[in-house]
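Q: As they're listed, the protein sequences go chains Z and G.
203 is the number that this note's numbering gives to position 203 of the first sequence; each next residue is one higher, with no gaps.
1093 is the number that this note's numbering gives to position 93 of the second sequence; each next residue is one higher, with no gaps.
Everything labelled a hint here was simulated from the structure, so no lab data went into it.
Note that the structure is predicted; figures quoted are calculated from it, not measured.
The C-beta atom is built at its ideal place from N, Cα and C for all residues, glycine as well.
Worth double-checking, as some hints may not be accurate.
Derived coverage of chain Z by chain G (criterion: at least 3 residues anywhere in the stretch with Cβ under 8 Å from a Cβ of chain G; other residues may be distant) [to be verified]:
(1) 103-111
(2) 115-129
(3) 141-147
(4) 160-174
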Amino acid sequence: MTRRSSGRGVARPWAGTALLIALAAPALRAQDAHATLPASLRQGTRMAVMALADSLTREGLPGGGLYAKAAEGVLKGADDARVLEAVRSVASRLREARRALGPHASAADLEAGASALFAGVSPGTLARFSSPSRPASRTQTLANTLTVLADLVWKGVPVERVTQSIEALTARGAYDRHLTALRAAFDQELNAGRDPIASLNRGTAQVLRALDRPSSP
Amino acid sequence: MSDGHDGDRLLTRPDPLESEIEALRAEVPLRPAWRALLLREIDALPVPTRERRGPRLPMPGRRTLVMTPGLALAAAVGFVLLGAAAMYVALREHTATGALAVTADQSLPRSNLAGSASVDSGASGSSATAGRAPLVTVRFMLVAPEARRVALVGDFNQWNAGAAPMRRARDGQTWTIEVGLRPGRHAYAFVVDSDVVPDPAAPSAVGEDFGVRSSVVLVSETLR
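When you get a sec, could you build the whole thing from the sequences and use the hints?
A: Shown next, in the form of structure tokens:
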């Protein structure tokens, strides 16, 4: 009798441990595979975000980004109404970016396009950058170009001035890294106290000089 | 007592002691009534069982769990397996390698914070999940000498401040972390103690930012 009950006591922890492992492994995998919404959001907000994301995904747009946007809002202390407003705004701009950039734009292109639209870049300008006949299409990624464009416009440079600088660099065979260098040079000038247009001019001249050096690319 | 060997003879007991022992071994004369009483008492005692081999652990309810060496081993193996499973899942996707690094390291004079996101591009790492792009290792860095805790948050970890704590480098001022990211555009920021701050060296994630700026890193499998 005593021995039998002792045997059951040993078997149960084995079974419990095995069950724990079986339950934990898929759960850990699921954390990686699926975006989740913060638990602090109300049920109605969660449903609205999920419906919007699902709708975007069915349209071929990066709907998963809405989950991240909602989570960003929660981390930054936004209430449910503000989170929902931001998510709707992002969804709307992604659709607008798709119309401007065309059906072949990648998720990164669309997100960068949506960001540029938010900064004040017009859909027509976006379309100009996404043209397949644009000479930069072999040396620059659209997402990087639009990211630099949005950043500089957001920091106070008129859209046309940024466009001119990018096109001037592109005409000299600039790659993504040169546009990244332009943005970094602009930031340095701006932080040194220059106004946005002067900062762009100096940054552009600096990168053009680098491009003119024989070993540059 | 002696079997005739000289060596054994030295170990035999002396005769007077032997006779005492023999006397003690002799049966003690008992009255039959006393003997019967004694045997009844012995019969009434419970049958001795084998002593349990370890301390009893109190368990909820009526049962007690005996911590035997086998049980301890089983529990240890279980915990090791559980830990291994968790580590396997966590590390499985973080396998990308790269050869070329682009660094956007900037020091901003206006702020005591300087950061960067370095992308190890040209990823040749294998993708664990079929049909998904391989991960690219991205190294994030922030100079924050007075910070007590710094974490990396972004769309890749659902802006979870507990997901990617950064490590203070030996210089005591720089905080770093390497994460595996899928190619694409990622918004991110740093949580310095309890404040969300953008990467001062990266482009802004222009858009709905809830009044606190975020940054952008573009991750590509190939470098242009």
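Q: Now look at each hint and say whether the structure bears it out.
A: Cross-check of the supplied hints:
no., hint, result
1, 103-111, "holds (count 4)"
2, 115-129, "holds (count 4)"
3, 141-147, "holds (count 4)"
4, 160-174, "violated (count 0)"
Checked against the numbered hints given earlier, this structure breaks only hint 4.
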